[in-house]
Amino acid sequence: MFAAVARLGNNVFYYVEQTGMMMLFLLQAFGRILTPPYRLAPIVRQIHFIGARSTLVIAVAGTFTGMVVALQFYDTLVRFGSVALLGSAVALGIIRELGPVLTALVVIGRAGSAICAEIGIMRTDQQIEALDCMAIDPFRFVIEPKLVAGLVAVPILTCFFDVVGIFGGYLVGVVLFGVSEASYFQGMIDTVGWHDVLMGLTKSVIFGLLIVWIAAARGFLLHRDRAAGFGAEAVGRSTTNAVVLSIICVLVADYLVSALML
Amino acid sequence: MDAAQEFVIEVSGLVTHYGDRKILDGIDLQVRRGEIMVIMGGSGSGKSTLLRHLLGHQCPTSGAIRLLGTDIAGASRKTLYAIRRRLGVAFQGGALFSSLSVGDNIALPLREHTRLDEDTIRIMTRLKLEMVNLAGTEDLMPAQLSGGMLKRAGLARALINDPELLFFDEPSAGLDPVVSAELDELILRLRDVMHMTILVVTHELDSAFKIADRITVLDQGRILITGTVDEVRHSDNPRVQDLLHRRPAANHADPDAYFRRLVAGHLVPGR
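Protein chains in written order, with the working numbering: chain A, 14 to 275; chain B, 7 to 277.
Any given hint could be a false lead.
Said to hold, decoys possible - In silico SDA-like links for lysine to any residue, alpha-carbon gap of 25 Å or less:
hint, chain 1, residue 1, chain 2, residue 2
1, B, LYS28, A, ASN23
2, B, LYS28, A, THR137
3, B, LYS84, A, PRO55
4, B, LYS28, B, GLU12
5, B, LYS216, B, MET155
6, B, LYS216, B, GLU136
7, B, LYS84, A, MET36
8, B, LYS216, B, ASP236
What the hints assert, rightly or not - Pairwise CB distance ranges (calculated):
hint, chain 1, residue 1, chain 2, residue 2, range
9, B, PRO261, A, ASN24, 52 to 60 Å
10, A, VAL73, B, THR85, 36 to 44 Å
11, B, GLU12, A, TYR27, 55 to 63 Å
12, B, THR67, A, VAL73, 34 to 42 Å
Said to hold, decoys possible - Just so you have them, the derived chain A footprint on chain B, three or more residues with Cβ under 8 Å:
hint, stretch
13, 27 to 38
14, 185 to 199
Worth flagging that the hints you see were computed from the coordinates, not collected in a lab.
From the three backbone atoms N, C-alpha and C, an ideal C-beta is built for every residue, glycine too.
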């Protein structure tokens, strides 16, 4: 009984400590972002890594998401005889919810895991310490470019997803089911407002921050993670944890932002 | 000022814990300018922890650490970085960045901290690579080097800004005898030609006796002896002699403590 309470207390302490370290990590990273020197080249390289190399996956995911959304909505709307609403339904669903969330999930899978593994290996291989010993700030050298790139690339990818998704809906709605092209787009123009776009953008910026923050921090703090263990296994386990944690955080944040902005 | 410059490293009363376990217990250590100090000890003796403290990666529970005349225990990042620019650290496995070529790795401190032009940087990089017998490898990636080459490339990077004080973690671990001997020669040359102060952490006896001006032997977090090679060789401390003659440690010297270690944790009620 006593042991169980002690274990519970230990766990609480551990998770509070971990959360605190993650917060400090974010604060330190932001401290570097907000102060000079600013360097463009490493940031561009990271945007390329997170962004450009994800576009193909996003294009495929976006097209099929738009197609399936149009399919489902068409099936429902046709019963109520309001097929004219198809365009706005597809656009609102994708811009407000599916675009930001699914883009975030793709980026977690492609870039989040890679960021966590890369930084985790730098930690186990003493590369982070080596930077520190050379008086090169690891936050500035390793973390800052990735965080800025996440904040820039994820919103851009989300916009791309939205456009492709709407095109996917067009394929199913207009090309396949013969909804008139004019009503598909006019419905969109009539109902999608700046507020909806803003909500999608807000989400994507928050998701971009969450993804890179969690991935980078879990890798960077690898040596403080009791579940991770040691060496190569630690990197693998930390990466898995980071991916799971990112997905959960993105979904929770998605609900919170929706609730606040609707 | 001169008195402070006399000792490049001054550690006094260093105590440190890992959780509840005491890792270092009252370490006092002075390293003079221009000498090679070897820290020796078996695994678990606390020598790696001591190195981490000297590099400022860990803060001690109590005690003072002065590097080049500045107290680094609890120093701000700015002071720490100012000191670190005057140090070189060669890590056990080299710790090269896998995304950069060998040459870019070695040039990194120059690119970050100086405004030298590319040609100068390239020449300086080649100079250091020549020193560690790795000429012509600057365009290779770290993945293409062997373990011993990585270690030497790491040394070249540590030497690129001609540090006053060099830390070298396990120079001979995992190297073949010839390369290991070459590294020992290089360490001696660095002291003689460049008047570098060098602190080497190792458990290799042959190498330690060959390069050391003075040796400090650590055991279970305490210093057993600090002295010249001869003083250490002829020490009458039984633990030092165990270490020198590779005798297995008499671990059960304190039967009570031994028993407590065995039953600690699950068997004692209340844990």
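Hints, one by one, checked against the model:
{"no.": "1", "hint": "LYS28/B to ASN23/A", "in the structure": "holds, 20 Å"}
{"no.": "2", "hint": "LYS28/B to THR137/A", "in the structure": "holds, 24 Å"}
{"no.": "3", "hint": "LYS84/B to PRO55/A", "in the structure": "holds, 23 Å"}
{"no.": "4", "hint": "LYS28/B to GLU12/B", "in the structure": "violated, 31 Å"}
{"no.": "5", "hint": "LYS216/B to MET155/B", "in the structure": "holds, 22 Å"}
{"no.": "6", "hint": "LYS216/B to GLU136/B", "in the structure": "holds, 23 Å"}
{"no.": "7", "hint": "LYS84/B to MET36/A", "in the structure": "holds, 22 Å"}
{"no.": "8", "hint": "LYS216/B to ASP236/B", "in the structure": "holds, 11 Å"}
{"no.": "9", "hint": "PRO261/B to ASN24/A: 52 to 60 Å", "in the structure": "violated, 36 Å"}
{"no.": "10", "hint": "VAL73/A to THR85/B: 36 to 44 Å", "in the structure": "violated, 52 Å"}
{"no.": "11", "hint": "GLU12/B to TYR27/A: 55 to 63 Å", "in the structure": "violated, 46 Å"}
{"no.": "12", "hint": "THR67/B to VAL73/A: 34 to 42 Å", "in the structure": "violated, 56 Å"}
{"no.": "13", "hint": "27 to 38", "in the structure": "violated (count 0)"}
{"no.": "14", "hint": "185 to 199", "in the structure": "violated (count 0)"}
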